[in-house]
Amino acid sequence: MTLAAHSHAAKPLRKRIADASEPYLYSAPALILIIGVMLVPLVLGISYAFRDIQLLNPFSGGFIGLDHFRALGQDQAFFRALRNTLWWTGASVFLQFIFGLILALLLDKPFAGRGLVQALVFLPWAVPSFLAGLNWAWLFNPVIGPLPHWLHALGLLDAPNNILSDPQLAMWGPIAANVWWGIPFFAITLLAALQAIPRDLYEAASIDGAGPVQRFLSITLPFLAPTIAITILLRTVWISNFADLIVVMTNGGPADRTQIVASYIFTQAFKRLDFGYASAIALVLLVLLLVYSLLIVLLRQTMLNKG
Amino acid sequence: MASIDIQSIRKSFGAFPVLHGVDLTIQDGEFIVLVGPSGCGKSTLLRMIAGLERISGGDLLIGGQRMNDVPPAQRGIAMVFQSYALYPHMTVRQNMEFALQIARMPKAEIDKAVENAARILQLTPYLDRLPKALSGGQRQRVAIGRAIVRDPKVFLFDEPLSNLDAALRVATRIEIAQLKEAMPDRTMIYVTHDQVEAMTLASRIVVLARKGIAQVGTPLELYERPVDEFVAQFIGSPAMNLLAGEIIATGAETVVRLDGGGTARSAVPTQTSDMGRKVNIGVRPEDLLAVSGDGLFSGEVQIVEALGEVTQLYVARPGGGAHIIAKLPGIHPDLRHKTVTFGADPAKVHLFADGRSLLYR
Amino acid sequence: MKSKPVLTILHRLAILAYVVFALFPLFWLLKVSVTPNDLLYSEGVRMWPSRTSFDHYAFVIAHSAFPTFFKNSLIVAGSTAVTVTILASLAGYALSRFNFKAKYWIVALMLITQMFPLVMLVAPIFKMLSPLGLTNSLTGLVIVYTAFNVPFATFLMQSFFDGIPKDLEEAAMIDGATQFVAFRQIILPLTLPGIAATLGFVFTAAWSELLFALMLISGNDSSTFPVGLLTFVSKFSVDFGQMMAAGVLALIPACLFFLLIQRYLVQGLTAGAVKG
Numbered sequence: 001m002t003l004a005a006h007s008h009a010a011k012p013l014r015k016r017i018a019d020a021s022e023p024y025l026y027s028a029p030a031l032i033l034i035i036g037v038m039l040v041p042l043v044l045g046i047s048y049a050f051r052d053i054q055l056l057n058p059f060s061g062g063f064i065g066l067d068h069f070r071a072l073g074q075d076q077a078f079f080r081a082l083r084n085t086l087w088w089t090g091a092s093v094f095l096q097f098i099f100g101l102i103l104a105l106l107l108d109k110p111f112a113g114r115g116l117v118q119a120l121v122f123l124p125w126a127v128p129s130f131l132a133g134l135n136w137a138w139l140f141n142p143v144i145g146p147l148p149h150w151l152h153a154l155g156l157l158d159a160p161n162n163i164l165s166d167p168q169l170a171m172w173g174p175i176a177a178n179v180w181w182g183i184p185f186f187a188i189t190l191l192a193a194l195q196a197i198p199r200d201l202y203e204a205a206s207i208d209g210a211g212p213v214q215r216f217l218s219i220t221l222p223f224l225a226p227t228i229a230i231t232i233l234l235r236t237v238w239i240s241n242f243a244d245l246i247v248v249m250t251n252g253g254p255a256d257r258t259q260i261v262a263s264y265i266f267t268q269a270f271k272r273l274d275f276g277y278a279s280a281i282a283l284v285l286l287v288l289l290l291v292y293s294l295l296i297v298l299l300r301q302t303m304l305n306k307g
Numbered sequence: 001m002a003s004i005d006i007q008s009i010r011k012s013f014g015a016f017p018v019l020h021g022v023d024l025t026i027q028d029g030e031f032i033v034l035v036g037p038s039g040c041g042k043s044t045l046l047r048m049i050a051g052l053e054r055i056s057g058g059d060l061l062i063g064g065q066r067m068n069d070v071p072p073a074q075r076g077i078a079m080v081f082q083s084y085a086l087y088p089h090m091t092v093r094q095n096m097e098f099a100l101q102i103a104r105m106p107k108a109e110i111d112k113a114v115e116n117a118a119r120i121l122q123l124t125p126y127l128d129r130l131p132k133a134l135s136g137g138q139r140q141r142v143a144i145g146r147a148i149v150r151d152p153k154v155f156l157f158d159e160p161l162s163n164l165d166a167a168l169r170v171a172t173r174i175e176i177a178q179l180k181e182a183m184p185d186r187t188m189i190y191v192t193h194d195q196v197e198a199m200t201l202a203s204r205i206v207v208l209a210r211k212g213i214a215q216v217g218t219p220l221e222l223y224e225r226p227v228d229e230f231v232a233q234f235i236g237s238p239a240m241n242l243l244a245g246e247i248i249a250t251g252a253e254t255v256v257r258l259d260g261g262g263t264a265r266s267a268v269p270t271q272t273s274d275m276g277r278k279v280n281i282g283v284r285p286e287d288l289l290a291v292s293g294d295g296l297f298s299g300e301v302q303i304v305e306a307l308g309e310v311t312q313l314y315v316a317r318p319g320g321g322a323h324i325i326a327k328l329p330g331i332h333p334d335l336r337h338k339t340v341t342f343g344a345d346p347a348k349v350h351l352f353a354d355g356r357s358l359l360y361r
Numbered sequence: 001m002k003s004k005p006v007l008t009i010l011h012r013l014a015i016l017a018y019v020v021f022a023l024f025p026l027f028w029l030l031k032v033s034v035t036p037n038d039l040l041y042s043e044g045v046r047m048w049p050s051r052t053s054f055d056h057y058a059f060v061i062a063h064s065a066f067p068t069f070f071k072n073s074l075i076v077a078g079s080t081a082v083t084v085t086i087l088a089s090l091a092g093y094a095l096s097r098f099n100f101k102a103k104y105w106i107v108a109l110m111l112i113t114q115m116f117p118l119v120m121l122v123a124p125i126f127k128m129l130s131p132l133g134l135t136n137s138l139t140g141l142v143i144v145y146t147a148f149n150v151p152f153a154t155f156l157m158q159s160f161f162d163g164i165p166k167d168l169e170e171a172a173m174i175d176g177a178t179q180f181v182a183f184r185q186i187i188l189p190l191t192l193p194g195i196a197a198t199l200g201f202v203f204t205a206a207w208s209e210l211l212f213a214l215m216l217i218s219g220n221d222s223s224t225f226p227v228g229l230l231t232f233v234s235k236f237s238v239d240f241g242q243m244m245a246a247g248v249l250a251l252i253p254a255c256l257f258f259l260l261i262q263r264y265l266v267q268g269l270t271a272g273a274v275k276g
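Residue numbers (my numbering), protein chains in the order written: chain A, 1 to 307; chain B, 1 to 361; chain C, 1 to 276.
Don't take each hint at face value.
What the hints assert, rightly or not - Capping the alpha-carbon separation at 25 Å, the derived lysine-lysine pairs in DSS-like fashion look like this:
(1) C/Lys-4 to C/Lys-101
(2) B/Lys-278 to B/Lys-180
(3) B/Lys-112 to B/Lys-211
(4) C/Lys-4 to A/Lys-109
(5) A/Lys-271 to C/Lys-31
(6) A/Lys-271 to C/Lys-127
(7) C/Lys-31 to C/Lys-235
(8) B/Lys-211 to B/Lys-180
(9) C/Lys-166 to B/Lys-132
(10) B/Lys-327 to B/Lys-338
(11) B/Lys-278 to B/Lys-338
(12) C/Lys-71 to C/Lys-235
As the list claims (entries may be wrong) - Some, not all, of what chain B presents toward chain C, calculated at C-beta under 7 Å:
(13) Tyr-87
(14) Pro-106
(15) Val-310
(16) Tyr-314
In case anyone wonders, no lab produced these hints; they're calculated from the structure.
Note that the Cβ used here is the ideal one computed from N, Cα and C, for glycine as well.
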């Protein structure tokens, strides 16, 4: 094999510039797209909140200051949506987390067929959200779904009716679908964190005489705490913005009982074509979520400082 | 032709200098070991020779040709990485063939080269295995085999044994020594922080410290005539003892009154002008002898480490400070908590002024 | 530690309950889709119909716009997955292998985009795409989906590149490989699981997306599956068998890709060679 050194004409300066620009060239296409399709629309969206933008009205477009926000202050539907969002997000996140944690703990124990079980219980995560919504809407439909009959048999329902059309109960429908759909996300994240806990810690603890409950409280929970905190934070923000299931299952009804802010924005933009007002609501939601995230981060910080 | 000329090579990462200017000439067929504390730039120097790191200043010549801007593959070198860097998705055979296929060598010749290397390294039964199915020692041999098949003029080794356990490390070290024996005209450059590897493998050792070369020499030169306190303490284990004192007699033999009370004679010559100079004397633990009567110092033996063939004694330093270590041949279980006087052959006593050896001036 | 048999039985029962809970809705979808219409109401709550038929599937495939929706979704999800994977590989490689000034800002930008509500972008994106003729077009959807999925995919690819030791590239350089050869023969084969996972992730996300598809597309010709199914549902809300047959069809690609990701979720190819 020839190893003769060809004397390359060295162009250090040109080469250095080429080297320095390499990472920028690689990331440029992704960045341009993100800026063009996400950042610019975000800025535009914020500006729309202060303008009169109606798609079918050619005379709209003018600057109207805080009018949208004043209207929002009077909008009973918005405040109902805000309360519904709290309910929807709180119940969904709480149930997803509890059932996800239990599933992760169950799967952390080795048993025959664990790989298959894991694939099966994580499957809902792969189901498209709109299909999950439709699927659960059908399950709640007394004509073809078994759930109303079962609930009636258990005495939870007076008659085998569709809870999605019952103003008192309708919200439970999308929540059930959301829990079914979201458990795998929590389980996968928590399982990964569980498996990162050094096994010898448990052995040391049982030598020290700690029972299963003590081991869980003194080892598992503290180790999982950071993952739990960040996952719940991200999931809360995400679920507050997640309108698919509600749009598919109830479209906000009956009587706006399941209308959350995200689906309300969608209704304003898509059905009324009032983009200005939709953007104003979205801006309020964004600010509320930012405040929430900030509070959580601050709370964590103070807890860390104390501990 | 594989002599290597390193001419005032500099390296800095951003504004942070790593090597100030290294000059080194390596002859055809030498086995050069680069040693030094971590962060001294020994790996960086090796990687600059390999072409994996830009040379910030100075010239690198291999076989008389300037190589600063020549791609690694055309420098006539092969490299063995600390992590082995085997391609995990390729079998042992494919790993060794890779470079030859890129060089478009005929298939028959590739097979011959690979099988030859596999035979030398006892890898023949493993040729169709993936790296993950090999032990650590076998992986290291594949990495060496990958270098051999290319038949390079220069072999570069970057701490190749540091991921192996003690027994394998000795075995592989001997294999590398035999490999060098079998290829007397190939130049090898080897980076390590292990002195035993350095002392046993090297034809010359390069000690790097403080962003440059501290000393270059054969292993015994470095051991017997270290240029400064750093090299003196870096080569040899346990490290050389240093004791502070003042020159009270000069001439062909120098006499030093030690701060701890004793006096030391050294065969290092000094001049009249050195009279009264503050110096450190250096004595290797293995050169300290238990004596009766006058010696360098007396102290209580606080810890005794019986290693069988030798006994290491940790002796309280007169006036306080770190232990002085003495290494006596044989077994001496009775010395614990005894006060012992130590002396040394003047030929084995080094003299350092301001850190530099008085042998060199 | 001894495991008590009672606890083991409880553990297995709990696992069984989760499996049933996870699979039951999908099972029901399948069950209704193969129930002939005349049995649909009389055997509404039976676990399996006394007679099965594939008429609903035949009808959906032959007489509805679903083949078009399916084709559109396949085009959109496929193009999005490929485009995102290419862009994310490039950006992920830059983030993994280079130290450059803007790196911090790029990471921050990508993280922030994961936070803000996409509903807020619906109106501005519509306004921006409309004059370009990209509303009611599959290309427009691909562009939007690509942008939405690039940040997460970039982080995913970056972590896969981080898992490939830099030594391997240097060894390839010394072996004489050009950048292209090193990429094709060393980096690409080792990143294949990552690429598969990213493709699967993005495909599933694009296949499922509903809100932007509803907003940007009107008219059957360029409707994607979610929009088509939803329109179908609101128009003919009594043809349950057909809707569920369409639902099962919509499920197939997503589940296939899930199985693909599942295989690569934990990946130990390089670990064996790097660890001693």
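Against the structure, the hints:
| no. | hint | in the structure |
| --- | --- | --- |
| 1 | C/Lys-4 to C/Lys-101 | violated, 58 Å |
| 2 | B/Lys-278 to B/Lys-180 | violated, 45 Å |
| 3 | B/Lys-112 to B/Lys-211 | violated, 44 Å |
| 4 | C/Lys-4 to A/Lys-109 | holds, 14 Å |
| 5 | A/Lys-271 to C/Lys-31 | violated, 35 Å |
| 6 | A/Lys-271 to C/Lys-127 | holds, 16 Å |
| 7 | C/Lys-31 to C/Lys-235 | holds, 23 Å |
| 8 | B/Lys-211 to B/Lys-180 | violated, 29 Å |
| 9 | C/Lys-166 to B/Lys-132 | holds, 18 Å |
| 10 | B/Lys-327 to B/Lys-338 | holds, 16 Å |
| 11 | B/Lys-278 to B/Lys-338 | violated, 31 Å |
| 12 | C/Lys-71 to C/Lys-235 | holds, 21 Å |
| 13 | Tyr-87 | holds, 6 Å |
| 14 | Pro-106 | violated, 16 Å |
| 15 | Val-310 | violated, 31 Å |
| 16 | Tyr-314 | violated, 34 Å |
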